[in-house]
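Peer 1: Chains A and B, in that order, give the protein sequences. Under my numbering, residues 1 to 287 are what the first sequence spells out, in order. Under my numbering, residues 1 to 349 are what the second sequence spells out, in order.
No lab work stands behind these hints: they were computed from the structure. Some hints could be false.
To list a few chain B residues with every Cβ distance to chain A over 10 angstroms, as calculated [to be verified]:
1. R12
2. L46
3. T76
4. R77
5. L81
6. F89
7. H91
8. A105
9. R148
10. T152
11. R176
12. R180
13. N237
14. G314
15. A343
SDA-like cross-link-like pairs, simulated, lysine to any residue; straight-line CA separation at most 20 angstroms [claimed, not checked]:
16. B:K59 to A:H191
17. A:K180 to B:P90
18. A:K180 to B:N297
19. A:K180 to B:S93
20. B:K111 to A:V236
21. A:K180 to B:S37
22. A:K180 to B:G138
23. A:K180 to B:L301
24. A:K180 to B:G134
25. A:K180 to B:T76
26. A:K180 to B:E96
27. A:K180 to B:E161
28. A:K180 to B:A104
29. A:K180 to B:K111
30. A:K180 to B:K59
Quick reminder that beta carbons are idealized off the backbone N, C-alpha and C, glycines included.
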Amino acid sequence: MTPVSVPCRKRWTASKTNGQNTGYTGFPPWVFALAAAGGLFVLLPLAAMVARINWGQFIPLITSESSLTALGLSLRTSAAGTVLCIVFGVPLAFVLARASFPGQRLLRAFVLLPLVLPPVVGGIALLYTFGRQGLLGRTLELAGMQIAFSTTAVVLAQTFVALPFLVVSLEGALRTAGIKYEAVAATLGAHPTTVLRRVSIPLVLPGIASGSVLSFARCLGEFGATLTFAGSLQGVTRTLPLEIYLQRETDADAAVALSLLLVAVAVAVVGLSRPRPRPLAEEAESE
Amino acid sequence: MTLDFNASLRARNFNVAFTMEATETVAVLGPNGAGKSTLLGILAGLIRPDSGNAMLGRKRLFKLDGGTNHFLPPHTRGTALLAQEPLLFPHMSVLENVAFGPRAAGANRSKALQTARHWLTEVEAAGFADRRPGQLSGGQAQRVAIARALATDPELLLLDEPMAALDIHAAPMLRRLLKRVLSNRRAIIITHDVLDALVLADRAIVLEGGRITEEGPTRRVLEKPRSKFAAGLAGMNLLPGTITGYGLTSDGGLDITAHPEDGAVPGQNGVAVFSPTAVSVFPSAKHGSPRNSFAVNITELEPQGDQIRVHAGGLSADITPAASADLGLMPGMTVYFVIKATAIAVYPA
């Protein structure tokens, strides 16, 4: 939620406060039934997986050297990927939400493409860009940089698939916020860079935070593009999802245990860092 | 140090030119969509006109005439904007909000905070310097917004209906405050309130359809309005028509007897203006033939202070509730509006 001024709320509608809905919901009861089915569809497979876990071996399985290496690599590369998403995604979101120029719709379509593209295809595309024989790869190799099948490649693959998550969520927040505050700041004498630093970014910080969390989660789960573009070298490019896929061939118990670990990490990241919407109006009224 | 402004913007059918002195406050009046906010937006640098030229003192705000393409960005203009909503930055404290302008102008932190405290005291808001904007009432927040605008020491202060969003208890205090801080300062204030225009502004400009339709000292514009909008604003009856030897013949065909003034010449276009309180209401044509007696159909009755305002035939009359009850007035009835010739002013328009 973006902290914009909230107009007076009409008293005769029930407000949803503290997660408790008291009164009129605005939809028929059968919507609850379909919602419950949807929730089950997500929960049931997770429960099935948990049911298959060999609890006796659980701790040794997830603390094995290869598992910890993969987990560490996943966390490091996902963090780096998220930073890249912020560095490039925040400017992209601003340009898409607030500027207007020819080709803007096309740019948005391309930025969002990784959302619908099979990750394997993304991996192939990256390979033909940064690989040894790729578009930029040859130049980079002359400069002494080899990207494909390195940890850098993992980060690039993750950034490629995760970038749209940050751009989409932030673009929405920016549109909702509007540019009223920015206009006022400019008439108060603030240079555009000052406006961006002291007004725009602080105002959409919740949007940047939630976008970053989504991007991190997507980085953490990246598989197809990583395998294609970075390969599966232990300690270098074999992230947790790749490790799980590999273990599944030989040791189903290990794969299931690692899967639960990945789910736990993802849930922890998303759950802990999700900004809770603050009811600004009520805060003002209580004073 | 005058402001010399002319600009046109086709997309909004806007074409306005005016000048103002260094310490003048000008009220901009006009119906919705007349281009009032466009005017402020162009002055502040938030809207780019198609063509025009504006000088604020020795600073050229813009010059767009096909050949030159000069347009100063908002932050270099010295034209602080105060909107209907206070728009205090919600992530900063009240004090930080007011210090924002001085900081942006390059003052160091302690100097900026000092300036901010001074202006907060000036608007009687020093007590909530450490609060968040979300913890202020509408009137308090607007006072802080005024302090924030003044802290930048603007060469031109732009006020876009600063009191429209306030409740009626907060408005009088803010009006007094503005009266104090706007003296000896150049400001343009958009308002829908006659009182604001009279109290705060030296001069009034009436904008209609993107053009200035009337301009002059506030009191004159409101007492002797030439445009329909200004007349409606002042609650006056206004009948445009042609000036005659004894008064005016309205475009609607009413023959009005009055005392033409201001050198009105028969045959010229003119307006007849009279206050609703000068209108008497009779149930039938009155004997003794007063010269201004018009049969009209009542369209609406509405309370107006402790009077009842009778709307009929495009005119209005203020009478006491008792008189209204005696006459048994109701919409649809035909009554006679009678006005003394001495109560009607006719002047060229």
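Peer 1: Work down the list of hints and note, for each, if the structure agrees.
Peer 2: Verification of the supplied hints:
1. With 10 angstroms as the threshold on Cβ separation, the claim that R12 (chain B) sits away from chain A holds: the shortest Cβ distance comes to roughly 17 angstroms.
2. Not every beta carbon of chain A lies more than 10 angstroms from that of L46 (chain B), the smallest distance being close to 5 angstroms; the non-interface claim is violated.
3. Its closest Cβ contact with chain A, about 8 angstroms, brings T76 (chain B) to no more than 10 angstroms, contrary to its assignment away from the interface.
4. In this structure R77 (chain B) is not separated from chain A by more than 10 angstroms, as the shortest Cβ-Cβ distance comes to only about 8 angstroms.
5. With a closest Cβ-Cβ approach of about 4 angstroms to chain A, L81 (chain B) is found to fall inside the 10 angstroms limit, against its non-interface label.
6. With a least beta-carbon separation of about 6 angstroms from chain A, F89 (chain B) fails to lie farther than 10 angstroms from that chain, contradicting its non-interface assignment.
7. A Cβ of chain A approaches the Cβ of H91 (chain B) within 10 angstroms, the least distance being about 5 angstroms, so the stated non-interface status is violated.
8. Not every CB of chain A is more than 10 angstroms from the CB of A105 (chain B) (nearest about 5 angstroms), against its label as outside the interface.
9. Annotated as non-interface, R148 (chain B) brings its C-beta within 10 angstroms of a C-beta of chain A; the closest such distance is 7 angstroms.
10. Consistency note on T152 (chain B): stated as away from chain A, yet its beta-carbon is not over 10 angstroms from all of that chain's, at 5 angstroms minimum.
11. Against chain A, the non-interface label of R176 (chain B) holds: every CB pair exceeds 10 angstroms, the least being about 24 angstroms.
12. The Cβ of R180 (chain B) sits about 21 angstroms from the closest Cβ of chain A, beyond the 10 angstroms cut-off, so the non-interface label holds.
13. A cut-off of 10 angstroms between C-beta atoms confirms that N237 (chain B) is not in contact with chain A; the least separation is 37 angstroms.
14. Residue-level check passed: G314 (chain B) sits 36 angstroms from the nearest beta carbon of chain A, beyond 10 angstroms.
15. A343 (chain B), annotated as away from the interface, keeps every beta carbon of chain A farther than 10 angstroms; the closest lies near 44 angstroms.
16. Under the criterion of a C-alpha separation no larger than 20 angstroms, the hint pairing K59 (chain B) with H191 (chain A) is consistent with the structure, at around 18 angstroms.
17. In summary, the hint linking K180 (chain A) to P90 (chain B) is supported, as the alpha carbons are separated by about 12 angstroms, within the 20 angstroms threshold.
18. In summary, the hint linking K180 (chain A) to N297 (chain B) is not supported, as the alpha carbons are separated by about 47 angstroms, beyond the 20 angstroms threshold.
19. For the hint pairing K180 (chain A) with S93 (chain B), the CA-to-CA distance comes to about 18 angstroms; that is within 20 angstroms, so the pair holds.
20. A hinted pair counts as satisfied when its Cα atoms are at most 20 angstroms apart, and K111 (chain B) with V236 (chain A) does not qualify at roughly 53 angstroms.
21. For the given pair, K180 (chain A) sits about 14 angstroms from S37 (chain B) by alpha-carbon distance, which is consistent with the 20 angstroms threshold.
22. Using a Cα cut-off of 20 angstroms, the hinted pair K180 (chain A) and G138 (chain B) holds, with the two alpha carbons roughly 17 angstroms apart.
23. Pair hint K180 (chain A) plus L301 (chain B) does not hold up; C-alpha atoms about 41 angstroms apart against a cutoff of 20 angstroms.
24. Annotation: proposed proximity of K180 (chain A) to G134 (chain B) holds, straight-line Cα distance about 17 angstroms (limit 20 angstroms).
25. Distance hint between K180 (chain A) and T76 (chain B) is fulfilled; the C-alpha atoms sit about 18 angstroms from each other, no more than 20 angstroms.
26. With a C-alpha separation of about 18 angstroms, the suggested pair K180 (chain A) and E96 (chain B) falls inside the 20 angstroms cut-off, and the hint holds.
27. Among the hinted pairs, K180 (chain A) with E161 (chain B) is consistent with the structure: their alpha-carbon atoms are about 15 angstroms apart, no more than 20 angstroms.
28. With a CA separation close to 18 angstroms, the supplied pair K180 (chain A) and A104 (chain B) stays within the 20 angstroms bound.
29. A threshold of 20 angstroms between alpha carbons decides the hint, and for K180 (chain A) with K111 (chain B) the separation of about 27 angstroms lies outside it, so the pair is violated.
30. Pair hint K180 (chain A) plus K59 (chain B) does not hold up; C-alpha atoms about 26 angstroms apart against a cutoff of 20 angstroms.
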